[in-house]
Amino acid sequence: AQSVTQPDARVTVSEGASLQLRCKYSYFGTPYLFWYVQYPRQGLQLLLKYYPGDPVVQGVNGFEAEFSKSNSSFHLRKASVHWSDWAVYFCAVSLTSGGNYKPTFGKGTSLVVHP
Amino acid sequence: GALVYQYPRRTICKSGTSMRMECQAVGFQATSVAWYRQSPQKTFELIALSTVNSAIKYEQNFTQEKFPISHPNLSFSSMTVLNAYLEDRGLYLCGARDRDGTLYFGAGTRLSVL
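Protein sequences, first through last, are from chains A and B. Residues in the first sequence are numbered consecutively from 2, following the working numbering. Residues in the second sequence are numbered consecutively from 729, following the working numbering.
I should point out that these hints are in silico values taken from the structure, not numbers from a laboratory. From a predicted model like this one, the values you see are computed outputs, not experimental measurements. Among these hints, one or two may not hold up.
[As the list claims (entries may be wrong)] Just a few of them, taken from the derived set where beta-carbon distance is under 10 Å, the chain A residues facing chain B:
1) Q39
2) G44
3) A93
4) K103
5) S111
[Said to hold, decoys possible] The calculated lysine to aspartate or glutamate pairs, modelled on DMTMM-like cross-linking and capped at a C-alpha distance of 25 Å, are:
6) K103/A to E815/B
7) K103/A to D86/A
8) K103/A to D828/B
By construction, the Cβ of each residue, glycine as well, lies at the ideal position given by its N, Cα and C atoms.
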């Protein structure tokens with residue numbers, strides 16, 4: 002069965018510093034991979050998505066992620082964090098086809114940004 | 729762009745009563761809809777997957793008798809929480825999937841039970 006692991010429950014960075022949020026996945030088949038952000042008291046907003054192809058995908062607000070089949074990873078990166086990035090980030094995986102695509106989420110990583 | 733609206737944003741119901749929540753996809757055709765519940769600890773539970781003209785697939789621990797879902801067309805879905813109790817509290821999120829496989833979410837319906 003497919004699964005997603007976000008090993009860091011909480012990450013703290015200083016504003017302006019670089020950021021990496023980790024995501025490990027397991028699946029059978031060809032996956033779609035996603036990163037979502039959730040701001041306080043809001044729903045999920047899509048940051049970026051990976052479909053089979055270029056392993057590095059660009060998202061909104063300067064975020065990017067890199068798919069690695071050998072490491073089973075899809076880490077999220079940002080070169081310079083802004084205070085407004087303070088939120089919870091979720092990695093998700095779903096199969097690319099079939100009725101049972103069943104999107105699966107990690108438990109989230111809470112990003113704290115210090116001035 | 730693709731947007732998903734959920735309403736109500738917030739609702740309070742008395743223990744044992746029922747409440748209905750709605751999900752509207754705008755700007756794209758939602759080939760399927762996934763309903764989730766997010767716990768206070770932020771983890772997601774998939775309740776069911778609904779595809780137009782197909783049977784709705786409920787996850788373990790969730791049943792049609794408790795969470796009936798309607799998905800009449802490619803832009804609308806609704807779910808009812810029947811006989812709500814304290815353990816049903818949480819943020820209910822609707823994820824609408826477009827033809828490319830991307831899941832877009834609404835802002836959620838937060839359910840409180842008194």
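Quick one: which hint numbers does this structure break? Sort them smallest to largest. Of the numbered hints, just 7 does not hold.
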